[in-house]
Structure formats: C-alpha cells, structure tokens
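Q: Spelled out, the chains give:
Protein chains: 2
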Amino acid sequence: MSRTRGSNGALSSNAILEKDKFEEVIRHRFFYALSSEIYGGVAGLYDLGPVGSALESQIIDAWRKHFVYKDGLLEVRSCQLTPYQTLEASGHVDRFTDVLVKDILTGESFRCDHLIKAYFEDLLQDKKLNEEKKTEYINIINQIDNIKKDEMKNIIEKYNISSPITKNKLSQPTDINLMFSTSIGPVDGLSGFLRPETAQGIFVNFKRLLEFNNNRIPMAVAQIGFSFRNEISPRAGLLRCREFLMAEIEHFLHPDKKCHPKFKTVENLNIKLYSAENQLNNNSQQTITLGHAVEKKIIANNVLGYYMGKIYLFLQKIGMDMQRVRFRQHLPNEMAHYACDCWDCEIHSFHGWVECVGCADRACYDLVQHSTKSKQKLIAQENLTTPILIKVHEIVLDKPAIGVRFKGEAKKIIPHIQSFTLEQAEELDETLNNQGFYGIQIDGIQFNLEKNMFKSINFYKKEVFVREYYPHVVEPSFGIGRIMYSLLTHTCKVRENDQQRIVLIVVKF
Amino acid sequence: MSRTRGSNGALSSNAILEKDKFEEVIRHRFFYALSSEIYGGVAGLYDLGPVGSALESQIIDAWRKHFVYKDGLLEVRSCQLTPYQTLEASGHVDRFTDVLVKDILTGESFRCDHLIKAYFEDLLQDKKLNEEKKTEYINIINQIDNIKKDEMKNIIEKYNISSPITKNKLSQPTDINLMFSTSIGPVDGLSGFLRPETAQGIFVNFKRLLEFNNNRIPMAVAQIGFSFRNEISPRAGLLRCREFLMAEIEHFLHPDKKCHPKFKTVENLNIKLYSAENQLNNNSQQTITLGHAVEKKIIANNVLGYYMGKIYLFLQKIGMDMQRVRFRQHLPNEMAHYACDCWDCEIHSFHGWVECVGCADRACYDLVQHSTKSKQKLIAQENLTTPILIKVHEIVLDKPAIGVRFKGEAKKIIPHIQSFTLEQAEELDETLNNQGFYGIQIDGIQFNLEKNMFKSINFYKKEVFVREYYPHVVEPSFGIGRIMYSLLTHTCKVRENDQQRIVLIVVKF
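Protein chains in written order, with the numbering used here: chain D, 70 to 578; chain E, 70 to 578.
So that you can see chain D by itself, here it is in the shape it has in the complex (with noise of 0.2 Å):
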C-alpha cells in the first residue's frame, strides 16, 4: 500500500500530533467506523473500510509468513462458537471475568478497575498534592491489576469513591462473565459462548494434531481468528473491542527441555524490558538482550525469549516504531489463571503503553484440564533411552457379582473401576482389606463395593520404554487491531508548515 495522500513539503512524527484529530482523520477515510453506525452503533464493535481491511489484510499475510512458514508451523481454523463444557473445563466459565461497580440511583455499569484508575489519576492532577499523597496514590495505579474484588471493595470504601458521572453511591463490586453467551441450535439448544480467545481450538484438537505431526513434539500450532470479550464499557475505540482478530501460536514442549533450537538467531536483540521486580519496586524499565536476560533468568526460558525476539523482529518489519515498544511481565496476581510466566509486548501510542500481544508460558494447564473433563488422554509419549520399571496393577472382577447386586447400573460400574488409576487400584486394595467395601461415586450416586465382587487385585512391575507426559505450552497472542491502531499512530505525520493536516504513510511490507 502506498501512502494515501501525496506528501509535498516537510513531514514531522515530532510536531504535535493530536489523539482526536487523528482519530477523526482516520474516522473520516473510513479506516474504520462504528459498526451499524446508521443506528447509533455499538459500543466496541467496529467495521473497518478499504483502506482499514486492506492493512489488516496485509498485517495477516505479514504474520503468516514471519511466524507459520518461516518457522514451519501448523495451522488450523476452529469454530468461534464454542460449547459450554470445553470453556467450563478450560476455566473460562469461572474466571473470564472483570469487576463492575454499579451507580446505585441510575443503574449504570462501570469497570472497577478503570473507575478506580481514572479517580486516583485525577486526583493526581492536583499540583499542591504532598509528596505522601502521590506515593499512594501512584502505588494503587501501578497495583490495580493485581488486586482482586474485595479489595476494590476496601479502596472504595476508604476513598469514599462515587460514580463519576452522578457522584451518586455506587454498588458492592461483583464479578460479571465476560463471554458472550448463546444457545447452539434454535430449539432446546447447547448452551454455548463465543470464544474468548483462540487457543481452545487447538487445545482440544491436541490429539489429532500430535498425530498429524506423526508424534513429533515439540510442536507448534498457529491459528487466525476472531475473539469476544463482552466488555462492560468499552471506551477506548479500536484498542477495546468485543469482537477483535486474533492470532496466536501454541508451541507445545517437553516440561525438561525448554530450550528453542533458534534462539542463537534472535540473543543479541537488545529490548526494553519492565520486569515485575521492577514494576513493584517502582523502578523503570531496563534495555537488555535477550540472550542476558535469559541467562539472568528475568525471562523464565529461551523458548519464551525466541518468540518475544520473534515477535521484536515482526514488528520491525511491519514498520512499528521501535523506541515505543517494551515487554512488561505480568505481576503475580495479573497473570491469567493459566500462566507460569507472562510477558505482554507494549507499544505506545495516544492512549499511553498498550498491551497488544501477550507471550506466557501456559504450562500445562489446559491440556491436564481437558484430559480430566474429558477423560481423552491429551499427552505426548518420550521414548526413553534404558527401559524403568514402573508398578502396574490388574483388577479382575466378578461381573455376575455385580450384576446381581447392582443390576442395570452394573453396566456403569464395571468400566468405571476399569479405568481406575495405580493409586485408586491401591486405596481399593487397602480399604477392602481393612473395611471389606469401597464406595464410588458415578453421577452423584454412591455405590459400595464389596470384596466378594473382585476375583482378585495384583500389582506388579513391568519394564517400560515410554514415558507419558503432558506437554507444556509457550503462548504467543496477537491483537491485530490493536498492533493496527498502533501501526498508524507511529506511521502518521504532521506536516510542519500545517499543523491541520494529517498525513498517513503506510508502507507496503
């Protein structure tokens, strides 16, 4: 794309550039507008014109072939609409939320963070506050990810905090989903979301994918797709969007061997990094190469460090002005219920130091998750160099037994006891010696097994050369409309003699 004015006469990034005439500029070429702005739009949901659908077209072409076909990923497309169990075993159910304060008289909803943020900052504004004050007041704003409901109680209580628009009381804060919920099929239908991000879809493919790539781990799986988030209310235009296009990767490894063959490509990068140490210290953010910082263990592995270089080196290329861009880690509390270690890349624009992609190492929390709500196995198998011997156990049953006790629900009993672990088969052993019956429970009901019902219970050692695992995953998570918003606000000049004109400079990469 060229640029889409002509640019006689001097440009300038330093002369004053202002966010609402740049985002009227933008507004007014229909980059984007608000979605079904004929009826007065939506909160949160934009469409993007030629010109907006043109760049993000071409930021996604950009990524794919930086990340998918230079490093040889897979890539799949999962549903948007997801049903309820797979997001209520991957904890989003429980835990996508945000706390929202209500005005008491006018009912209007509020993000308690953002509504806590935006009091402390304008009291802040005061030039005659004391040097205790600010301290105070700064330390909640660098805080106010990290703290939880109760005590945003506590902080609304202490400061006597109203709403800002009616100064009236506001409501106990509460925790409010933030998926957008559905029924999947137009009588008696699932319950089902639409997804809050894209990572599920190939977390639940995990077996036909390990199988695609004939066993192999380490494994990465890349996919493009759209997210919802249903925010209580949004106000920042293209930077927070319920309906937002994504791109991430899941790069699946062994939990011992987190170490990327081409790290050595991306070590010498020298980035801004803001580690949670610092953050909490008040201390500022500190240049660093990778390769330093890996080995001072600020970034908790080089898997990680490979794909924030990555991420360093596809925004340079995409034109991002590499001065307002940093990594902030996540604060302990800030991290997602998932995350071992989070880096979020920022990029800095009109609306200060933006996160707009996350890279956290997930664990192996959601594959353990879907293995256990699922009953699949969703691991990955090492063959081992010298054979282990690993205790093994064998329950034979007297089915007739258990038929003539528990008759139709036999059918349910037996395969259950089938699939009992090393360490259930041990506690049945012992609880039948010791009390001669054990109870299970199958959908709520209790059943109490008893000795007669088992012809016999033998452990044993058996020498093995595979060992299950479950794979551990670094998450690299793109925002595309926000890495787009910024894109332009780097890319935009000012023309010098002419501080009304705006000239927007996309180049073509």
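Just so you know, the hints here were simulated from the structure itself, not pulled from any lab data. Do not take every clue at face value.
Identical copies go unnamed one by one, so any copy, or any two together, can satisfy a pair.
List time: in silico DSS-like cross-link candidates among lysine-lysine, alpha-carbon distance up to 27 Å [as the list claims (entries may be wrong)]:
| # | residue 1 | residue 2 |
| --- | --- | --- |
| 1 | 386 | 134 |
| 2 | 236 | 90 |
| 3 | 171 | 218 |
| 4 | 217 | 227 |
| 5 | 276 | 88 |
| 6 | 90 | 276 |
The structure presented is a predicted model; accordingly, all values stated were derived computationally and were not measured.
Following the hints, put chain E in place on chain D, whose structure we already have.
A: Below, chain E without anything else, positioned relative to chain D:
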C-alpha cells in the same frame, strides 16, 4: 499444495468412490473434525485441521485475486455481532426462518421440508409404485423449496406422515428463527445476533463507501467473513454448518443501467442453466452461452450474467470438474424476500446437486429498508443532462403555538414535521383544510396538529440538475466450505487396483 500422497499406480475417478469412505479419509487426515470432538462435538460445527485450513486460505487468496484485485473492488470487514435494529430492518428478524415440526412424544425436532422430502424419496424406492403415484411424489419433492408452512401442514395430514424415528405423531409446523441471539454488554445488554449473512455489513456502511468511492456508481464492494445459521438439525457434514465462511460482493448499480462493461469477456461461455420454467415443467437443464441466455431474458440482466461467468471461471480455475457445475434459477416462492432474480450455482457431489454460490439481483430492497428505519438517506445522485422541474414544499411553523400546546413534546414534534416528504406535506395541507387538524404519531403517542400551528404551507416548482435514486444491487454470495468440500470430491481419485485406497490430489492454483 501438492498431492498429499505419492501417486504410484493408475488412478481413476471413474472407479466407485463411496461417500462414507471418502469422508472417513478426509477426517482421518484431519482435513476437518467435529468441533470440541473430545466432548462429543456439536452438530454443524467443524474445525479445519492443517490441510483443510491451508486449502481454505488458498481458496480465499484465489477468490480475492479473481474478484477483488482483478475488477478493482472495494473490500470491507464488518463485525459478526450485529444489533437487533439492523437485522430487523433487513427483514431477518421476521423472515430468516425454517419450518420446524416436533415428535409430539419425544420432543425431537425436525426441519419440516427435509422430513417431507425424505419421506417421499423413501416411497419412491418402492419398485412396484405406479406411474401416477411416482409423478405425484416427484412433484412434491421438486416443489419442496417452493412451499410454506401451511402447505407443509396439509401434506403431513394428507399423507399421515409421522416421526421418521419413532413413528409418533408430529406437532403443528411452526416457523423458527435461525439466528443466534446474544446480549451485547454483560449486564442489561443490547439485543443482538450473529449475522446471518455478511451483506448487511456492506449496506449499513453504504454512505461511507459511496463517499470513499467519490460518489460514483456503479460501485462493487466485497467482504469475506463468517456467517451463522442456527440450523434445526444439521446432518450433512461440511455442507450444512452453523458457522461458515462466506465471500460476498454487493455490486451497486443504476436501476436503468443494468449492464456490465466486461460482460463481453464472458458472453461466449457455454454454461448449464436450469431455468425456473424448465423446473416447473419438469424439463431438464440446457447448455447455452451466457450471451444467448441474457438475450433471451432467461437471465434477467447482463450484470447477473457477468457474475455468473466470473463464478464459472473461478470454479474452473481452482480445479472443479465443470461437467458437474450448473446454474439453477430460484422458483418464484423459493426466492429470498429481497430478491427479484436469483441463480444458484450448484455443484454435484455425493449429496447430489448442492448450492455453493448464490447470485441474486436484490434490487434496492436493503437500501430502502435501512433508509426508512435509520432515517438516513442511503441513496446515490445522478447528474441530469437537461434539468427537470420538480415540485417541492415549504412548511413554515408557528413554533410558539406548538410550544404552548405540547410543552416539552414540541422538541420531538417540530423536527418530525420538518422531515415530511412531499406526499406527507400534501396530505397535511389537504387534511388541515378539510378537517382543521392533522394527526401524527411519534413513539406510539398521538398528537393532533391544528391549523394555527402553521404560518404557511407552500408548494412550488424547482429546476434541478441532479436526481436522487436508490441503487440496485447484484449479489454473488459464495459458501467457501461447500466449495471446498465439492472440490475435494472432484479431485480425489481411487487406485484402480485397490479401491480401498483413496488419493487426494489438490493442485496449487
């Protein structure tokens, strides 16, 4: 993409290839899988694996080159989440329905047309059936897309059709809306839907698009994206999905100038057409050039004809077997509520002839609907070579008189009167003169306007050099999943010496 298996040994597409075997192979190789399969899956939702996803991307790339780049179309990317008002205006809230019947004892739901069709197809299996009955049943099957709820009810009663599974009686047929509904906003949200077609995202942005196009008509706008249809009981694999990728073009044009400058490039293509007339008379399809078909008015106009030619060339380019491609005209009652002529490009595969691309002349239905509901003029203007005289009106209000009578409501009433059309102004003038007052309704409340509230109502002639009009629109609409499935069935071969082995050959295009 090259062939997915080596190709030693003779291949033949004539050897018998069975649907089940074929689908087993493409699922086994993870072209696609049921979505959330580890939890049992959801009917009508499929995930694409690495090969399916790569093929889909390739079809999309080819489509964009063939239609968007080659003809210089605009492209947009609008939201899938759509507010109620937009889809109420488009008619989908009222008319995007299927007829449903339930087993009155088990409650199982069936799509009524599918159930009736299957019932008669079953009867036709009977070798001893006499000719009269045979014709009667075939007639019902051929017209099934042409009949509505009440006629279906009559057929069910006349033939005493029962549940195909339990043989229980069936409920009364009812119309069921097929949109997925959700709430936009997590508390007290707006009512919204997942879009049933991508087209509306173009219509609601018409004004901005026309401006972007320097107010020139014709203007063609493309969009690639997902649409949703909450099918009653989808049982046809990739051919009937609840979430599916579409590619659509809205070609806006002057209602009196329905000709395409590039029609010449396709007029000599020899294409299989199955006109509505031939279908209703139980005649077969005919092969004819597009030029002749337009000349003989079999196809309503040459813009429709042009796109039918482009569709043909596209399918040929990606490797479809063109012997198994035809265009079938919609029967009068089968046509969507907005269309004035419509051709389905049908491709023959294991499921018989299946609609893969629709090509409709939607006239100005959508722009008129949205103009009326949104009170924004979604129109184009044409310059007139010779100016014409038109009648215009001028209403001069006595605002204080209105204020005294209606108090605060005057704020609504005054702009309401000021937006009167010429016809309304004439009616107002006449009614005031005859009856002394004129009733209007705003938000369901009646207000009686009296003569003293008007200083004057004047009509006069005005010379104008431009005329406003609603552009018509021709819409080719592609189901990418159906095209992909058909392409796979057309390009796969069976080894002559081993009919158990299927070779999938997908050529890079």
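Q: One pair to classify: residue 276 and residue 88, alpha carbons no more than 27 Å apart. Within, between, both, or neither?
A: between (47 Å within a copy, 25 Å between copies)
Q: One pair to classify: residue 236 and residue 90, alpha carbons no more than 27 Å apart. Within, between, both, or neither?
A: neither (30 Å within a copy, 68 Å between copies)
Q: Using 27 Å as the alpha-carbon threshold, which applies to residue 217 and residue 227: within, between, both, or neither?
A: Classified as within: same-chain Cα gap 16 Å, cross-chain 65 Å, threshold 27 Å.
Q: Within a copy, between copies, both or neither: where do residue 90 and residue 276 come within 27 Å Cα-Cα?
A: Cα proximity of residue 90 and residue 276: across copies only (22 Å, versus 51 Å in one copy).
Q: For residue 386 vs residue 134, is the C-alpha pair at or below 27 Å within one copy, between two copies, both, or neither?
A: Close inside one copy (12 Å) and across copies (24 Å); limit 27 Å.
Q: As a check of your reading, is residue 171 near residue 218 (CA-CA no more than 27 Å) within one copy, between copies, both or neither?
A: within (14 Å within a copy, 47 Å between copies)
In this structure, the one hint that does not hold is number 2.
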